[in-house]
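**Student:** Chain residues, written in single-letter form:
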Amino acid sequence: MATVAQRNYFDAYNEVLAEGQEHEPVWLRQLREDGWARFSAKGFPTTHDEDWRFTNLAALARTPFRRVAKDEATVSERDIKPYRVAGAACQLVFVNGYFVPELSDAEKLPQGLEVCALRRAIDCGLDECAPGGIEQHLGRYADANRDVFVALNTALWDDGAYVRIRRGAQITRPVHLLYVSAGAGAAIMTHPRTVIIAEEASLCTVVEDYVSVGNEAGFSNAVTELVAGEGAVFSHFLVERENLASFNVSTLRTEQARSANVASHSVLLGGALVRNNVHPVLAGEGAECLINGLFAGEGRQHLDNYMLVEHASPQCNSRQFYNGILADHARGVFHGRIIVHKDAQKTDAKQTNRNLLLSDDARIDTKPQLEIYADDVKCTHGATIGQIEEESLFYLRSRGLSKADARNLLLYAFAAECLNRMHEGAAREMVETLIKNRLHELAQSTAHAAAGGGSNAAEEETQNWEEVG
Amino acid sequence: MALLEIQNLHASVNGHEILKGLDLTVNAGEVHSIMGPNGSGKSTLAAVLARRETYEVTQGRVLFDGKDLLEMDPEEAACEGLFLAFQYPVEIPGISNAYFLRSAMNAVRKYHGEDELDAMDFLPLYKERMKLLEMDEQLMNRSVNEGFSGGEKKRNEILQMAMLEPKLAILDETDSGLDIDALRIVANGVNAMRSPKRGFLVITHYQRLLNYIAPDFVHVLVDGKIARSGGPELALELEAKGYGWAEENEQVLPA
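Protein chains in written order, with the numbering used here: chain Z, 2 to 470; chain D, -3 to 251.
FYI, nobody ran anything at the bench for these hints, they're computed from the structure. Every residue gets a Cβ at the ideal spot worked out from N, C-alpha and C, and that includes glycine. Misleading hints may appear alongside valid ones.
[Stated by the list, open to error] If you want the ones that stay clear, here's a sample from chain Z, every Cβ over 10 Å from chain D, calculated:
| # | residue |
| --- | --- |
| 1 | His24 |
| 2 | Leu29 |
| 3 | Gly44 |
| 4 | Ala417 |
[Stated by the list, open to error] In silico SDA-like cross-links for lysine to any residue, where the CA-CA straight-line distance does not exceed 25 Å:
| # | chain 1 | residue 1 | chain 2 | residue 2 |
| --- | --- | --- | --- | --- |
| 5 | Z | Lys404 | D | Ser39 |
| 6 | D | Lys106 | Z | Lys379 |
| 7 | Z | Lys404 | D | Met136 |
| 8 | Z | Lys404 | D | Ala236 |
| 9 | Z | Lys404 | D | Ala94 |
| 10 | Z | Lys437 | D | Met68 |
| 11 | Z | Lys404 | D | Ser225 |
| 12 | Z | Lys437 | D | Ser39 |
| 13 | Z | Lys404 | D | Met189 |
| 14 | Z | Lys404 | D | Gln83 |
| 15 | Z | Lys351 | Z | Asp366 |
| 16 | Z | Lys404 | D | Pro192 |
| 17 | Z | Lys404 | D | Arg224 |
| 18 | Z | Lys379 | Z | Leu204 |
| 19 | Z | Lys404 | D | Ile176 |
[Unchecked claim] Over the 10 Å line for every Cβ pair with chain Z, so calculated as not near, a few chain D residues:
| # | residue |
| --- | --- |
| 20 | Pro85 |
| 21 | Val104 |
| 22 | Glu124 |
| 23 | Ala210 |
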């Protein structure tokens, strides 16, 4: 007997198939069918699944999210205005999974940059769109068999963005992709799909930004496939700032060619239950990736960061740095898995997770996981959990700063470690402002709770080991 | 009116009494040195005056410029013009020295209803005072005390004092761990700040610092109380005879 939630997914799948009947190419329909088969066979994972040990999906699974029709919710320029990014090269706005040209601005693009809705890129049918066509990329990297959320997205995606940076193009202003959930009187689901092709020696920054208009619960399940060509330099920002009733699962799968340098910055500030998967495959020799993250939660927010870094070629370098700030009953997860394949000699992988817990009830689960099949590698891991140090707080107050300002400054200092790893520019300025505002809220709302905490200073080194083979 | 008036001060930490009836008066324009053996309560006195919450005052009263200091929060005391140069300055990664100091100065200005300083007002003054402390200008953009040597940290404390221009500066073993050059620089900074409107409480274990910062009064703190008070010659006598001498003579002190 299917639940309402399960029936909704089935209905959504049938709608998507019916709507695409006329114009979707065969390969895409095949992908959808495979995705759906996988999802319906497996269902959502449970905490018995090692990759989901710390995140319970029961609430997500039983909520009957509904796929909405294209114009069911109207979102105006006024709703969007606060989320605009100053200095962006272009902005694509999606409402409940559908591209809204009237709210978007992708008319005058810098030379070498192509940005449009993914559906349009497929519909136009031009192989021009991507070397070998989008078929060569969509669904090729993100594995529906590994992850049911990828399977579900593949079966149900309505639209998303297509970004291509041509060989050698240096795009200094960021591409802003705004995904808006706008409740239509019921919990809604969207499955944005993004394909980014950064060609040889190109440079670009893309910001994926998830926001809600209104207070209704939504479920965003996004998948982004990023291909970085030889020597490409690319920065990806994921910004989760939906309302505190939202479920958000996102997956960034990157494929890096020789000497490609990709930075992934995940900034999780909103949402009730958030899971961010970052899965780079360092496929070419000398590729380098930075996986940088900041998560800050309060109330009962659950912010889960899952990374799978695959070293598949020699001489590659990966760095993972995640800082978490958790107040009230908020819970965070850092699950960093590194796989070093047999041929990936001279791998240098480093993983660091630092956490600040602002209350006795906040919780962080941090888990490193290493699978090394090569014999000449260097992998290090370290995790710390601490509180705001009384000593630091007193130092700032002794210079005249109020307790709330001193807390705010210390939280900001902690978050600044992540900010400092981002290249300067409009994207960094945008997240800097968001983080400042969020931390200000946290500092104000937790100033009372921590007052009775006394002098429980000290940052504790929970684990630190090094494996050099 | 005295700048600082301490009467019968008793203070404990974790239920353990450390200050046991301390009396001290500091007038504007005076430099008082507090000397004493380890564990006598020197740093506790500094912390209590700077209003550190981990210390509990069980008896006595302290007037700072006529106001009840023991009623103040640390930030209030700071805004009223009390400055503590820490024995162990705290490192704050992620916040630059310049940002931190400007935030502090603006907090004090706001307290007094004055306009905030912008970077244009702040920077020239900051650079000038850095010269006084013989500090590299590049330090202003580095995180507060992070990766600083012991000497740099202490100079940074005095630099903050020079910028905040307090009414009363308390130097908690600022000389400890300094080599002769750093000691001279720190002392120059302090001496440049001496004024008829400002008082100093210089806490030290050794007489050496007092060769550079000449005190008007020297007090010996033993077991939570002032055991002896005198002029600069007392420091020399202590240096020659050791703290044991002051402790032995405690009983024969005039009332």
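**Student:** None of the hints should be skipped; say for each whether it holds.
**Tutor:** Against the structure, the hints come out as follows:
{"no.": "1", "hint": "His24", "result": "52 Å, holds"}
{"no.": "2", "hint": "Leu29", "result": "47 Å, holds"}
{"no.": "3", "hint": "Gly44", "result": "43 Å, holds"}
{"no.": "4", "hint": "Ala417", "result": "4 Å, violated"}
{"no.": "5", "hint": "Lys404(Z) to Ser39(D)", "result": "23 Å, holds"}
{"no.": "6", "hint": "Lys106(D) to Lys379(Z)", "result": "52 Å, violated"}
{"no.": "7", "hint": "Lys404(Z) to Met136(D)", "result": "24 Å, holds"}
{"no.": "8", "hint": "Lys404(Z) to Ala236(D)", "result": "45 Å, violated"}
{"no.": "9", "hint": "Lys404(Z) to Ala94(D)", "result": "20 Å, holds"}
{"no.": "10", "hint": "Lys437(Z) to Met68(D)", "result": "29 Å, violated"}
{"no.": "11", "hint": "Lys404(Z) to Ser225(D)", "result": "37 Å, violated"}
{"no.": "12", "hint": "Lys437(Z) to Ser39(D)", "result": "36 Å, violated"}
{"no.": "13", "hint": "Lys404(Z) to Met189(D)", "result": "28 Å, violated"}
{"no.": "14", "hint": "Lys404(Z) to Gln83(D)", "result": "22 Å, holds"}
{"no.": "15", "hint": "Lys351(Z) to Asp366(Z)", "result": "18 Å, holds"}
{"no.": "16", "hint": "Lys404(Z) to Pro192(D)", "result": "32 Å, violated"}
{"no.": "17", "hint": "Lys404(Z) to Arg224(D)", "result": "38 Å, violated"}
{"no.": "18", "hint": "Lys379(Z) to Leu204(Z)", "result": "29 Å, violated"}
{"no.": "19", "hint": "Lys404(Z) to Ile176(D)", "result": "37 Å, violated"}
{"no.": "20", "hint": "Pro85", "result": "7 Å, violated"}
{"no.": "21", "hint": "Val104", "result": "4 Å, violated"}
{"no.": "22", "hint": "Glu124", "result": "20 Å, holds"}
{"no.": "23", "hint": "Ala210", "result": "27 Å, holds"}
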